[in-house]
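So the chains spell out like this:
Protein chains: 2
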Amino acid sequence: MYVIAVYDVATERTNKMLKLCRRYLHWVQNSVFEGEIRAVELSELEAEALDIMDPTYDSFIIFTNTHVHRVNRRIFGRQRASTDQFL
Amino acid sequence: MYVIAVYDVATERTNKMLKLCRRYLHWVQNSVFEGEIRAVELSELEAEALDIMDPTYDSFIIFTNTHVHRVNRRIFGRQRASTDQFL
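In order, the protein sequence lines correspond to chains D and F.
Going by the UniProt record's numbering, the first sequence opens with residue 1, and the numbers climb by one from there.
Going by the UniProt record's numbering, the second sequence opens with residue 1, and the numbers climb by one from there.
Looking at chain D on its own, in the form it has when it is part of the complex (with noise of 0.2 angstroms):
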C-alpha cells in the first residue's frame, strides 16, 4: 500500500526515527516520509516506532491509500535533499 507518515518527536529521539523510517520509506521532507510498503513492513514500522516514542509527548501519523496511483504529490519552493538533516 501507499504510505504517508509523518513524526512529530522530542529532538532528542529525532534521529532515531529519521533511521526508522528511512529504512522502510521515501525522504520527503524534515520530518515527512512516503513510499510503497507492504502491510508486515507497516506493521514492523509500527511498532518500532512506539518502542522509540514517549506517547505522552510524540506523536507519528500514518496515512495510508491502497491505490498509490491515485495520490499526487507536488513541492514548491526549495526541494530539499535529505542530508539537511544532518548540516
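Hints are computed from structural coordinates only; laboratory data are not their basis.
Hints are not guaranteed to be accurate.
[Claimed, not checked] Per the computed footprint, the stretches of chain F lying under chain D, defined by three or more beta-carbons under 8 angstroms from a beta-carbon of chain D, are: (1) 20-26; (2) 44-55; (3) 58-65.
Computed from a prediction, not measured in an experiment: that's the story for all the values here.
Idealized CB from N, CA, C, for every residue including glycine.
Dock chain F against chain D, hints included.
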C-alpha cells in the same frame, strides 16, 4: 478533493503559513494539515502560500487524492491540540 499539506518554512514565516493553512484545511499535527477542498480553493491556497514563502529556503508539499474514502489516517502517541502551537 482530499488534500494533505505539509510546510517547512523559516521560523519567521511559520505563523503566516499556519494561519493560511487553517483557513483552508484542518490542522493535524505541527505543520501538517488535511481536508476536503475544491480545486479553486486549492489554487488560492497555493498562490497565497507562494506569496508568503521564500522559495529558495521554504518548502510546501501538497498530496492530493480524488477519493477521500480510500485514505486512512492513524495517529500514534499524543493527540495534539492546535493550541500547542502557541505554547
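So, going through the hints one by one against the coordinates:
1. 20-26: It is violated, with 0 qualifying residues against the three required.
2. 44-55: Holds, because 6 residues of the stretch 44-55 of chain F bring their Cβ atoms closer than 8 angstroms to Cβ atoms of chain D.
3. 58-65: Satisfied; 8 residues make the cut.
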